[in-house]
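> As you go down the protein sequences, you meet chains F and C in turn.
First residue of the first sequence? That's 1 in UniProt numbering, and the numbers climb one at a time after it.
First residue of the second sequence? That's 1 in UniProt numbering, and the numbers climb one at a time after it.
Calculated from the structure, these hints are not laboratory results.
No false leads were slipped in.
Under the rule of at most 25 Å between Cα atoms (straight-line distance), these lysine to any residue pairs were calculated in the SDA-like manner:
id : chain 1 : residue 1 : chain 2 : residue 2
1  : C       : 50        : F       : 57
2  : C       : 177       : F       : 120
3  : C       : 103       : F       : 178
4  : F       : 193       : F       : 170
5  : C       : 103       : F       : 176
6  : C       : 50        : F       : 249
7  : C       : 145       : C       : 31
8  : F       : 26        : C       : 136
9  : F       : 250       : C       : 119
10 : F       : 103       : C       : 61
11 : F       : 192       : F       : 317
12 : F       : 177       : C       : 142
13 : C       : 100       : F       : 62
14 : F       : 250       : C       : 121
15 : F       : 110       : C       : 174
16 : F       : 177       : C       : 118
17 : C       : 145       : F       : 57
18 : F       : 145       : C       : 65
19 : F       : 177       : C       : 134
20 : C       : 50        : F       : 63
21 : F       : 192       : F       : 320
So the chains spell out like this:
Protein chains: 2
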Amino acid sequence: STASLAAQMWGVNDDLNFLWCFPVQKSGGTQLKLVMSFPNYGQALFKPMKQERHEETNVNLYYFSDFERHNAEIAAFHLDRILGFRRVPPVVGRLVNVIKEIKDITTDHKLVTTFFMSPVGNACFYGQCSYYCSTEHAICGRPLKIEGSMAAMLPDQSLAPRRSWRSPWRRSYSRSKLAQWATDSNYCDSIKKTPPYDRGTRLVDLIDMSILDFLMSNMDRHHYETFEKFGNDTFLIHLDNGRAFGRHSKDEPSILAPLVQCCRVRRSTLLRLRLLSLQSYRMSDVMRASLSQDPLTVVAPLLTEQHLSALDRRLETVIQTIQDCLQQHQHHSDVIYDDIADLRQNLS
Amino acid sequence: STASLAAQMWGVNDDLNFLWCFPVQKSGGTQLKLVMSFPNYGQALFKPMKQERHEETNVNLYYFSDFERHNAEIAAFHLDRILGFRRVPPVVGRLVNVIKEIKDITTDHKLVTTFFMSPVGNACFYGQCSYYCSTEHAICGRPLKIEGSMAAMLPDQSLAPRRSWRSPWRRSYSRSKLAQWATDSNYCDSIKKTPPYDRGTRLVDLIDMSILDFLMSNMDRHHYETFEKFGNDTFLIHLDNGRAFGRHSKDEPSILAPLVQCCRVRRSTLLRLRLLSLQSYRMSDVMRASLSQDPLTVVAPLLTEQHLSALDRRLETVIQTIQDCLQQHQHHSDVIYDDIADLRQNLS
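Working from the sequences, and respecting the hints, build out all of it.
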């Protein structure tokens with residue numbers, strides 16, 4: 001059924017695809033998003049486009065009041081896959097008809113009251129939420145269709161309960177305070193001794209995530225999730241990437257703090273990063289090729305060239321950071337967690 | 001004392017000028033503005049810059065949720081003067097230090113709580129109001145100074161009470177309804193018979209105002225004011241022009257409805273319009289020269305060249321509209337109200 005949903009989301013015939021979709025506003029979170037239900041297929045989380053791809057986040061905005069970007073959700077899925085993590089559920093871009101595919105078929109009465117025609121005749125709506133849900137921030141078709149991201153929803157919590165973990169390197173979410181990790185350079189020493197980071201792969205999982213986030217400049221990773229059933233011996237789920245790719249002209253070194261402070265990384269991750277720094281497998285080229293398969297590419301490339309070259313620049317920083325770690329430590333194994341040897345051992 | 005205030009506002013020494021100014025937030029209205037009090041001199045209304053001069057209003061925004069623009073307030077004062085009306089109180093641009101000239105000296109405790117330093121170290125604040133007063137819409141210095149308009153405040157209502165008049169050509173302020181004038185082409189016939197528009201100059205005053213508004217594309221003229229003391233034999237005050245100059249690429253013919261529907265205009269206004277359409281007195285050139293005297297010109301011209309040439313284009317439309325009126329009416333005097341003959345008669 002996941003395959004059916006994927007086929008449906010990637011399909012070309014809009015009208016057919018959405019005949020049986022029932023959009024309602026998703027509660028929780030600060031910005032407008034819709035849950036699209038496809039009976040017998042599952043659900044998708046729809047985030048509408050709010051700003052042009054070439055616009056960089058306003059320098060005066062804090063990470064916690066930045067817009068969410070539909071193309072960031074899509075690009076994060078591709079980047080995570082290219083890095084070999086595969087921890088972001090599938091996300092695909094779609095053009096959606098504001099009237100036929102949302103207003104006319106929604107069962108969400110509050111949502112319906114927020115639709116209007118703009119002065120130039122575009123179909124608009126704004127929903128109800130705490131940020132950016134007002135007539136000044138309406139989401140408008142041109143004239144009817146809007147771009148958006150469709151993320152495959154994970155199984156319902158009743159079927160596959162998940163646990164949400166507060167990231168140890170979570171930011172302060174305050175304009176005036178700094179989190180402990182931001183001022184304490186020995187912070188990782190205590191985290192390494194704290195369950196669940198004191199055993200298994202949880203710490204290197206977290207560092208993988210911080211590498212992903214640094215590459216796409218996502219400062220908004222306050223939590224991550226796991227499936228409860230697998231306990232602590234499990235992978236992380238990288239949900240909610242809408243605030244990535246806000247700026248291409250600047251890097252944010254603090255996102256890499258887990259790697260810098262712990263000096264620890266999976267061998268498979270390092271090998272993949274090195275591969276993607278080779279001329280023939282450049283990260284920007286692989287991303288461009290991967291993103292070109294998304295349906296929204298017909299409107300415009302999902303990431304501008306500036307964002308793609310920022311990826312190459314940031315990749316160099318990550319590799320250099322690992323080099324520095326290796327020089328600071330006596331034993332290669334202090335830095336590199338050899339997951340490939342582990343895997344061989346398990347298979348033999 | 002008006003001269004002193006003007007001198008103070010036009011002065012060059014920032015620190016000296018503002019040593020004795022006490023800024024507080026102005027209540028009423030939907031967007032942030034501050035009242036600056038200069039003891040012994042009077043008060044000025046400060047509207048901070050919110051968007052870049054080259055940005056056009058979003059096509060999906062209705063006139064009643066558009067941003068207010070500090071440069072529109074300044075340019076409206078100059079345009080009104082160039083048209084010979086002199087019905088906009090003096091407005092001048094200023095660079096203001098967010099910390100020293102607002103935060104440190106305000107007595108407005110609610111305002112103080114909204115100041116913060118942005119991630120890149122710019123001084124910001126957002127105030128409290130119904131539109132755009134939130135951290136996502138903060139007003140930020142670069143790093144400390146912000147641009148803004150300073151409008152000389154009229155004498156206090158206790159000294160010179162004013163009356164606020166609802167414009168007969170007020171828009172509906174609704175996304176779905178149209179005002180009566182927008183659908184009834186005989187609307188002016190009834191207005192002409194309704195006091196105070198049935199005698200004196202009130203109707204041509206209103207038409208002057210609509211010409212000003214059409215030229216600067218101001219759709220937000222819901223009211224105008226007069227001084228109570230002068231009764232109905234008085235001039236109009238053109239206050240609150242912050243939503244003018246939102247778009248240069250498009251004209252809004254409906255703003256000219258009073259002229260089109262009433263086919264009546266002051267002779268002195270027509271002569272001034274014709275003068276400003278001559279090659280040697282082109283409106284755009286006169287405006288450019290006039291605006292260049294404003295202190296903010298050192299940052300950037302107050303109006304972009306596109307806005308200046310829109311003025312010339314719209315002026316042609318106004319003159320053509322009057323030509324059409326003259327052709328439709330038998331007698332010249334049906335259209336032209338000869339205020340110059342009136343003036344001669346009064347003087348002889």
